[in-house]
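Numbering-wise, the sequence shown is residues 1 to 175 according to UniProt numbering.
Calculated directly from the structure, the hints in this document are not laboratory data.
The model shown is predicted, which means the values in this text are computed figures rather than measured ones.
Positions of the beta carbon are idealized from the N, C-alpha and C atoms, including for glycine.
A portion of the hints provided could be inaccurate.
Claimed, not checked - Label-pair distances were calculated between CB atoms; the ranges are:
1) G21 with D126: 46 to 54 Å
2) D126 with S106: 26 to 34 Å
3) V119 with L24: 48 to 56 Å
4) Q78 with G131: 17 to 25 Å
5) G15 with P69: 54 to 62 Å
6) G131 with V80: 15 to 23 Å
7) T103 with S139: 26 to 34 Å
8) L9 with Q173: 48 to 56 Å
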Amino acid sequence: MRKLLPVLLLILGLGAGVGAGWFLKPAAEAGEAAHGETADQAGGHGEASGGHGAEAGAEASHYDPEAGPTETVRLPNQFVVPVIVDGRVQAMVVIGLALELETGHSFSVLTDEARLRAVLLQLLFDHANIGGFNGLFTSGEALLSLRRILREAARRELGPQVTDVLITELLRQES
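All chains should be modelled from the sequences, with the hints used to inform the complete structure.
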């Protein structure tokens, strides 16, 4: 009996766990896409109207860089941006960036990097000054918005060969 009781308790616990999991399983939503279905096939699940992030604005949710063959060029040095609150440095933000360029681009780190860094650094300072690195600055919408602004600035400086600006590193160090 001593050896049988632990086995019976184990089987009883296993059965109770399976039963509770089956009973508490969430019900499938009517518009939920089945595995392998697209949103159109599943009755429109995931539409932009009224869905997650709809109130965050259309600009942040519709950030789509151009598709096509690209090359990635990592900018060799990180950007260091102070976060100033009440005239004092509250934190330092360190950002690593890379450019996604069309294949066969004419970008040269030696000739173009200094001008591009100056433009991007000014944008990052402006972003910090409006509170862009406070709160949930790593949320998807905040990062997409920042990437879009950086991409537009890089395109103004280097031309349409810039397809995207990638944030490869992001660190905020409180002082």
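_Hint check for P69 and G15 - Cβ pair distance inside 54 to 62 Å_ = The hinted range 54 to 62 Å holds for G15 and P69, with Cβ atoms some 56 Å apart.
*Range agreement (Cβ of L24 with Cβ of V119, hint 48 to 56 Å)*: holds, 54 Å
*When you take the CB atoms of L9 and Q173, is the distance between them in 48 to 56 Å?*
holds, 52 Å
*Between G21 and D126, does the C-beta distance stay in 46 to 54 Å?*
holds, 51 Å
*Is the gap between the beta carbons of G131 and V80 within 15 to 23 Å?*
holds, 18 Å
_Assuming the hint says 17 to 25 Å, is it satisfied by the Cβ distance from Q78 to G131 or not?_
With Cβ atoms ~21 Å apart, the hint holds.
*asked:* Given a hint of 26 to 34 Å, does the C-beta separation of D126 and S106 actually sit inside it?
replied: holds, 28 Å
*Honestly, do T103 and S139 meet the 26 to 34 Å range at C-beta?*
Since the Cβ atoms of T103 and S139 sit about 32 Å apart, the hinted range of 26 to 34 Å holds.
The structure fails none of the hints (numbered hints given earlier).
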